[in-house]
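Taken in order, these protein sequences are the chains called L and H. Reminder that position 168 of the first sequence reads as 168 in UniProt numbering, one-by-one numbering, no gaps. Reminder that position 22 of the second sequence reads as 22 in UniProt numbering, one-by-one numbering, no gaps.
Hints in this document: simulated from the structure, not taken from any laboratory. One thing to keep in mind: the hints can contain errors.
[As the list claims (entries may be wrong)] A few chain H positions that, by computed beta-carbon distances, are all more than 12 Å from chain L: (1) Val-63; (2) Lys-85; (3) Ser-146; (4) Lys-147; (5) Glu-223; (6) Ser-225; (7) Leu-226; (8) Ala-230; (9) Thr-231; (10) Thr-235; (11) Ser-243; (12) Gly-261.
[Claimed, not checked] List time: in silico DSS-like cross-link candidates among lysine-lysine, alpha-carbon distance up to 27 Å: (13) L:Lys-143 <-> H:Lys-222; (14) H:Lys-332 <-> L:Lys-129; (15) H:Lys-232 <-> L:Lys-138; (16) L:Lys-77 <-> L:Lys-229; (17) L:Lys-117 <-> H:Lys-37; (18) H:Lys-222 <-> L:Lys-77; (19) L:Lys-117 <-> H:Lys-76; (20) L:Lys-30 <-> L:Lys-229; (21) H:Lys-222 <-> H:Lys-232.
Note that this is a predicted model, so its numbers are computed, not measured. Beta carbons: idealized from backbone N, C-alpha and C, even for Gly.
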Amino acid sequence: MEEFITTKDIHLYYGEKEALKGINLSFPAKGINALIGPSGCGKSTYLRTLNRMNDLIPSVTMTGSIMINGQDIYSPKMDTVDLRKKVGMVFQQPNPFPFSIYENVTYGLRIAGIKDKQLLDERVEQSLKQAAVWDEVKDDLHKSALSLSGGQQQRVCIARVLAVQPDVILLDEPTSALDPVSSGLIEDMLLTIRDNYTIIIVTHNLQQASRISDRTAFFLNGELIEEGKTKSVFLNPKRQETDDYISGRFG
Amino acid sequence: MIVKQWVINGGELSENSFGSLPSFGGEVILMDPIKDKIQSTSRETRQDIIGKVLSYSCISLIVIVVLSIFAFVATKGLATFVVNKASLGDFLFGTNWNPSATDKAGNPLLGALPMITGSFGVTIIAVIFAAPFAIGTALYMTEVASKRGEKLLQSVIELLVGIPSVVYGFIGLSVVVPFVRTHFGGSGYGILSGAFVLFVMVLPTVTSMTVDSLRAVPRYYKEASLALGATKWQTIYKVLLRSATSGILTAIIFGMARAFGEALAVQMVIGNASIMPKSLLAPASTLTSVLTMGIGNTVMGTVGNNALWSLALMLLLMSLVFNIIVRFIGRKGRM
């Protein structure tokens with residue numbers, strides 16, 4: 001496996017509390033990787049280390065190293081603004097800005113200084129199509145994004161990330177606030193873009209993880225218990241805890 | 001509620017043959033308390049009614065007070081035009097304010113335009129200065145400062161709100177007026193000095209309301225923006241301020257309402273000349289300053305007194321307008 005993202009010995013503390021206890025985990029370039037585990041096991045925290053969103057919480061301290069595409073993202077020379085353009089993130093709650101759909105999708109481009117109307121229009125259409133929401137919103141791109149349904153909002157949020165053309169897309173339980181139909185649309189959409197992006201998705205839905213992911217990592221109490229091809233993790237788990245969790249005996 | 005009581009009462013009295021029909025005599029009396037209890041209002045319901053009556057009477061008292069103030073000021077203020085036959089056009093657009101004199105046609109000289117200009121002048125200049133400072137301070141408090149710095153600034157602002165206006169006026173008189181005199185010329189009394197004093201007075205109001213509206217912007221907007229590779233400044237400028245626009249406008253209008261209604265501090269530095277101000281440095285007057293200066297020197301029922309009531313009515317209407325604007329912005333902001 002050629003490693004695109006490599007994290008070594010990640011320890012992360014919220015004040016005194018140790019939330020991640022030495023995570024060693026790598027992801028290949030392209031494809032879908034699922035992070036599973038019970039609530040509070042540290043998988044979302046881990047995800048947020050990959051685009052340095054934890055920097056925004058003052059009490060957080062972190063040790064260890066994270067390399068993305070050969071770059072140490074925690075080196076003092078790393079610009080978090082550049083990093084977050086390369087590593088996009090979709091949150092649990094659909095969080096479009098209270099602007100129009102068009103402005104939402106072009107936000108990332110415009111803050112990057114792109115003003116070319118034609119390019120913006122192209123990217124909007126392309127990303128909304130990729131996010132499987134184009135047909136539903138193409139006629140009212142200038143309507144407020146808040147007027148859409150939750151599932152549409154989440155897909156617009158995904159389009160907003162795709163428009164910046166990142167290498168990595170982090171999704172933090174993107175479908176847990178949505179109905180099954182919307183969740184299904186987002187899963188299908190992720191499958192269509194898996195060849196172009198390195199996707200890391202945190203999910204509580206084990207079926208979702210088994211349906212769409214190529215690799216799965218199982219977290220428990222801040223530790224990485226098991227990691228590997230999704231098929232082998234789900235069918236032949238090496239560790240008892242993994243077996244217990246995926247068979248529903250706890251969590 | 002009733003259902004519950006039925007069960008409780010039923011439980012208590014189950015011995016007394018709830019199943020079998022009570023015969024006439026002693027047992028009928030036993031049934032009556034149950035019936036009474038079920039049919040009469042419970043203690044909780046009565047408390048509910050008492051609470052409702054209390055709050056409704058408080059509300060109606062306040063409504064009555066507000067309406068009577070309005071009615072009183074309106075009758076008094078309109079008397080100028082109805083009883084003393086002054087024309088509304090002359091009042092709003094005339095520049096000659098001399099209630100004790102009459103013009104050739106015998107109408108009192110009640111041109112309030114100088115005061116209206118003065119009031120709007122000090123208000124608008126004060127707010128133009130105050131708004132950027134207030135927004136800057138509010139952004140510093142919500143986005144930049146540490147918890148301790150934020151608390152410190154918060155208490156400074158609360159302190160500024162608490163200073164009595166006469167103190168502001170006094171400082172204006174002894175610091176701002178000489179400052180304006182030496183640096184801008186003129187006597188130092190005038191709209192500019194009034195605006196400076198009001199600037200300091202409205203700053204805390206506008207700042208704390210702006211802080212509230214910035215804090216009301218959901219955290220996840222900020223997160224989403226930063227996660228898309230926006231810098232802190234881009235996030236503030238393009239997401240935070242934009243989402244909080246209606247709140248910030250409301251804060252500014254509130255500041256204007258405060259500035260428009262301030263009497264004492266302005267009166268101490270504006271020079272109190274009821275003539276059309278020719279420059280920001282010339283002595284002028286505002287609706288409030290003429291009122292506070294004149295109200296003790298006129299006799300009830302005279303033209304001079306009625307004219308002051310007309311100014312008061314004008315002030316009242318303006319505060320109503322400010323309120324309506326705030327409501328309007330609030331409604332637009334929610335959409």
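Checked hints:
1. At roughly 36 Å, the least C-beta separation between Val-63 of chain H and chain L is larger than 12 Å, which holds for a residue marked as non-interface.
2. Chain L leaves Lys-85 of chain H outside its interface by the beta-carbon criterion, the shortest separation being 54 Å against a cut-off of 12 Å.
3. Not every CB of chain L is more than 12 Å from the CB of Ser-146 of chain H (nearest about 9 Å), against its label as outside the interface.
4. Its closest Cβ contact with chain L, about 9 Å, brings Lys-147 of chain H to no more than 12 Å, contrary to its assignment away from the interface.
5. A beta-carbon of chain L is positioned within 12 Å of the beta-carbon of Glu-223 of chain H; the least distance is around 7 Å.
6. Consistency note on Ser-225 of chain H: stated as away from chain L, yet its beta-carbon is not over 12 Å from all of that chain's, at 7 Å minimum.
7. Here Leu-226 of chain H does not stay apart from chain L, with its beta-carbon only about 7 Å from theirs, under the 12 Å limit.
8. At the 12 Å boundary, the C-beta of Ala-230 of chain H falls inside the reach of chain L, the nearest C-beta of that chain being 5 Å off.
9. Interface exclusion of Thr-231 of chain H from chain L breaks down, the closest Cβ pair being 6 Å apart, not more than 12 Å.
10. With a minimum CB-CB distance of about 9 Å to chain L, Thr-235 of chain H fails to clear the 12 Å threshold, and the non-interface call is violated.
11. The beta carbon of Ser-243 of chain H is not kept farther than 12 Å from every beta carbon of chain L, the shortest such distance being approximately 6 Å.
12. With 12 Å as the threshold on Cβ separation, the claim that Gly-261 of chain H sits away from chain L holds: the shortest Cβ distance comes to roughly 33 Å.
13. A C-alpha spacing of about 21 Å is found between Lys-143 of chain L and Lys-222 of chain H, which places the hinted pair at or below 27 Å, so the restraint holds.
14. A hinted pair counts as satisfied when its Cα atoms are at most 27 Å apart, and Lys-332 of chain H with Lys-129 of chain L does not qualify at roughly 32 Å.
15. Proximity of Lys-232 of chain H to Lys-138 of chain L is assessed by CA-CA distance (about 31 Å); at most 27 Å being required, the pair is judged violated.
16. Using a Cα cut-off of 27 Å, the hinted pair Lys-77 of chain L and Lys-229 of chain L is violated, with the two alpha carbons roughly 34 Å apart.
17. Taking the CA atoms of Lys-117 of chain L and Lys-37 of chain H, the gap is near 76 Å; set against the 27 Å cutoff, the hint is violated.
18. For the suggested pair Lys-222 of chain H and Lys-77 of chain L, the alpha carbons sit about 24 Å apart, so the restraint of at most 27 Å is met.
19. Simply put, Lys-117 of chain L and Lys-76 of chain H have alpha-carbon atoms about 61 Å apart, too far for the 27 Å limit, and the pair is violated.
20. For the proposed pair Lys-30 of chain L and Lys-229 of chain L, the alpha carbon gap of about 14 Å is at most 27 Å, so the pair holds.
21. Taking the CA atoms of Lys-222 of chain H and Lys-232 of chain H, the gap is about 9 Å. The hint holds against a cut of 27 Å.
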